[in-house]
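S.K.: Next come the chains, spelled out residue by residue.
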Amino acid sequence: MAAVEELSEPDDLTADEREAVQHQLFRLADDEFVVAERYTEWQVKAPTLESDLAFSNIAQDELGHARLWYDLLQDWGAEESELIWERDPSEWRHSTLAELPFDEGDWADPVLRSYLYDVAEDIQLRALQDSSYPRIRDRVGKILGEEDYHREHAANWLERLCEEEESRARVQDALDRLFPHALTLFAPTDEAVEERIDELGIRSEPLVTMREEWLDEVIPFLESLGLSVDDAELPEQYDVHHSQLELPEHTGRDQSHTDAWFDLHDDFTHTYQELGRTSAERIMKDPDDE
Amino acid sequence: MNVDEVKDRAGPREFSPKDDLPEEYRKAATRMLEFHANSEIMGAFLERPFIRKAPSIERKMAFSAKVQDEIGHGQMLYRAAESLGVKTREEMLDDLANGDGKFLNCFHYPMESYVETPMIAFFVDGAAMRRQATLKSTSWEPYAHAMDKVCFEEGFHVKHGEAILYELMTGSKKEQEMTQEAFDEWWPRIIQFFGPTNEKSTHHGFASEVGLKQMSNDDLRTAFLNAYIPKAEKYGLEIPEEPRISKNDDGTYEVVEEDLDWDEFFTIAKNDYEPGVGQINGRKAAQDAVEWVRESLDSHENRLYGSSQPQAAD
Amino acid sequence: MIWEVFRQEKSGDYHKHCGNVHAPDREMALLFAEVQHGRRKPTNSLWVTPQKEIGEVDTEDTAFGGTTDKSYRWAMTYNFEAAASEVEESESEQASAERERKAQIEGGS
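Protein chains in written order, with our numbering: chain A, 273 to 562; chain B, 778 to 1091; chain C, 3 to 111.
Just so you know, the hints here were simulated from the structure itself, not pulled from any lab data.
Quick caveat: nothing in here was measured; it's all calculated off a predicted structure.
Please note that a few of the clues may not be correct.
DSS-like, lysine-lysine: derived pairs with alpha carbons at most 30 Å apart [what the hints assert, rightly or not]:
1) B:Lys950 <-> A:Lys557
2) B:Lys879 <-> A:Lys317
3) A:Lys557 <-> C:Lys72
4) B:Lys913 <-> C:Lys72
5) C:Lys104 <-> A:Lys557
6) A:Lys414 <-> B:Lys926
7) A:Lys317 <-> B:Lys804
8) B:Lys926 <-> A:Lys557
9) B:Lys913 <-> C:Lys104
10) B:Lys804 <-> C:Lys12
11) A:Lys317 <-> B:Lys926
12) C:Lys72 <-> B:Lys1008
13) C:Lys43 <-> B:Lys795
14) A:Lys317 <-> B:Lys830
Let the sequences and hints guide you as you build the complete structure.
M.R.: Right, dumping it as C-alpha cells:
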C-alpha cells in the first residue's frame, strides 16, 4: 500500500476521518469485550484446574485489550459508561463469533473459537502496526505481545482433541457451528466506511485480503487435524474445492445480532442497572500514563 | 514414625513426603487440606457470576483475576493433599461433586446481588487470610509451601473486596442501604466462619498436637474482630445487634453463642443446606459435562507415557 | 546422561536448582550429586531429575505476566490502609515482586 499521510490528533480529525477511526476501534473493542464475556463463562467450569487458570488468563488479556481500545474511543468525550454500560445492544459491532452461546461442557467451543478468533486477531493487529492513526499504532505492540500464547494454547488443544475420533467429532460440530460466524470477523461495518479506513491508511490491509490470509492459515491447519471445513459454508473467493459464500443472517459488524447477544447484554449490564449507576468505576491508571 | 514421635518432632514445616508418617497424621492433614482446597473451589464457584455482573471493565478484570487465583490456590492445596498419599485429586474433586466433600460454611449461601460481594471478598477472605497466615508454620511442608504463595496472592483479594465495599458505602443512598442489608444478613455467618467458641473437637486437638493447626479458632476470631470491626465501622456499616459481642479487658472478644443459628451451621456442615446443595450440584453438572475432555487428555497421556502412575503416591 | 540437581538447605525450605552431574542412572546420580553439590553447602535433601525431562519456556519465548497493564491483580493498586498485618505483608511481597518483574522487562528490552 502506498505511503499514507499521518492522521491528526483526535480533536483535529475531520468528521469522515473520525467516523472511520471510530468504526475501526469499535470493531476491535467490541470483539475483545464480548469474546472475553464468553471466555470468562468457563471460569470454574474448565476441564481441569490448570486449564481453568490458563483460559482465565486469556480472558483477562482480551478484556485488557478491550479496555485499551475503549479508552481510545474516549478521546471524543464519551465515557466508559456510554461506550459499554449504557450503549444500546443494537449498536454494538462485534462479530457474531464472539457472542454465540455454547452448551455446558462443550470445551471444543472455546478452544476452536479462540483459535479462529486469535489467528484473525493477529492478522488484523499486524495490519494496524503501520496505522496512519498514531494512537492505534502505539497500542498494537503491547497487545500483539499477548497473542502468541493465545494461538499456541488454542492450537495445542485442538491438536490433542483431534487425536481421537470421539473428541474430534465434537470439534467438528463446533467447527460447523462457528465457522460461518468466524467469517463475520472480516465482514464490513459499512462498505463505504471500511473503504475509507483503507484509503486513510488506518489499516494496511483491506478486509478481503485479511480474510484470504486467514483462510490460508486456518483451513490447512484444521484439515491437517482431520477436520473438514467443507461442511461449513465458505466464501467463493476462496477458490479451491470449497463451495458457496454464505455469511450468517447476522454479521454483528452491521449491528445485527443473534438473540443470544441481547440476553448476554442484559446479564452483564445487570448490576449497573440494578444499582442505577451512571458511571463506571476505574481502578487502574489511565493507559496514557502507564 | 509413630504418633508420639510425630508429636515430639512437630514444628513448622517439619514433615515432608519422604517422611514415614502414621496414618493418623496423614488422614488429619488430608482432611484439613481437602477442606481448604474444596473451599477455594466453592468460593470461586460462588463468586464467578460476578465476573459477568461486575459494573465496570476494570472491576470485571479484577473479579476474573481473583476467581483465577482461587482456582490456583485449589490447585496447590490439592497437590499438597495428594502428596500425603491418602486421596488423589480426582477422588477429592469427585467427592466434592457428589456432596461428600466439605467446605466453608459461608460458601453454602447463595449470593444474588453485587452488594453482597464484599461480604465474601473483604470479610470472609479477610478471615480466611488470618487463618492462612498462621498456616505458613504448619508442620506439613507442602501445605506451608502452598500457603507461601496463597498468602502472597491473597492481599489483592482482601483489598479488592475492601475497594468494592468502599465504593458501595460511598455510593448512592440506595447502594448504602442495600450493602447494610447484605451485611446484616452475612455478619452472623462470618462470625460462624470460626466455628463454635471453645471448640473442643477431637480433630482440633490432634491437629494442634501434631503441628498441623497453629492457632485456635477463638484466637483467630479475636484477631479477625480486632482488625475488621473497625474497618466495617469506618465505612459506615452498623454492626448488627446480634450476635452480641463484647470485648474483654485483655482484648479478646466474647460472642454470645445462643444468638447464632447453630442448627443451620451444622446442617451446612453436613452439606444438607438447600442453597448449598444447589451450589454443589451446579458445580457437579459443570464438572461432569467436561469429563470427556479429561478422558481425552488421559488417553493422550497414556499414548505418550504409558498408562498413568497412581498420582497420590508421591 | 545428565541429571539436574536440586538442593534443599534445611527442612521446610524449597529445593533449588544448584547444578548437574553426569551419571548413568538415578542411583549413581544421587551418589555423585551428594558429593559434588552437598559436601560443603548446608544440605538437608537433594533431588535429581534427568535433564532431558525438563521443559523450559523463557523470556525469549514469552512475556511472563503479560505485556498490557495487569495492575488490577496487585494489592497496591487498591489504595487502602491494610486491614491486618497479613494483608500488609502480602502487599509488600507483591510490591517487590512487581517491581522486580518490571525491572526485568525494562532491563530485557
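S.K.: Does each hint fit the structure? Answer for all of them.
M.R.: Quick rundown of the hints versus the structure:
no.	hint	result
1	B:Lys950 <-> A:Lys557	28 Å, holds
2	B:Lys879 <-> A:Lys317	19 Å, holds
3	A:Lys557 <-> C:Lys72	10 Å, holds
4	B:Lys913 <-> C:Lys72	27 Å, holds
5	C:Lys104 <-> A:Lys557	16 Å, holds
6	A:Lys414 <-> B:Lys926	28 Å, holds
7	A:Lys317 <-> B:Lys804	29 Å, holds
8	B:Lys926 <-> A:Lys557	26 Å, holds
9	B:Lys913 <-> C:Lys104	27 Å, holds
10	B:Lys804 <-> C:Lys12	25 Å, holds
11	A:Lys317 <-> B:Lys926	23 Å, holds
12	C:Lys72 <-> B:Lys1008	27 Å, holds
13	C:Lys43 <-> B:Lys795	21 Å, holds
14	A:Lys317 <-> B:Lys830	17 Å, holds
Taken one by one, the earlier hints all hold for this structure without exception.
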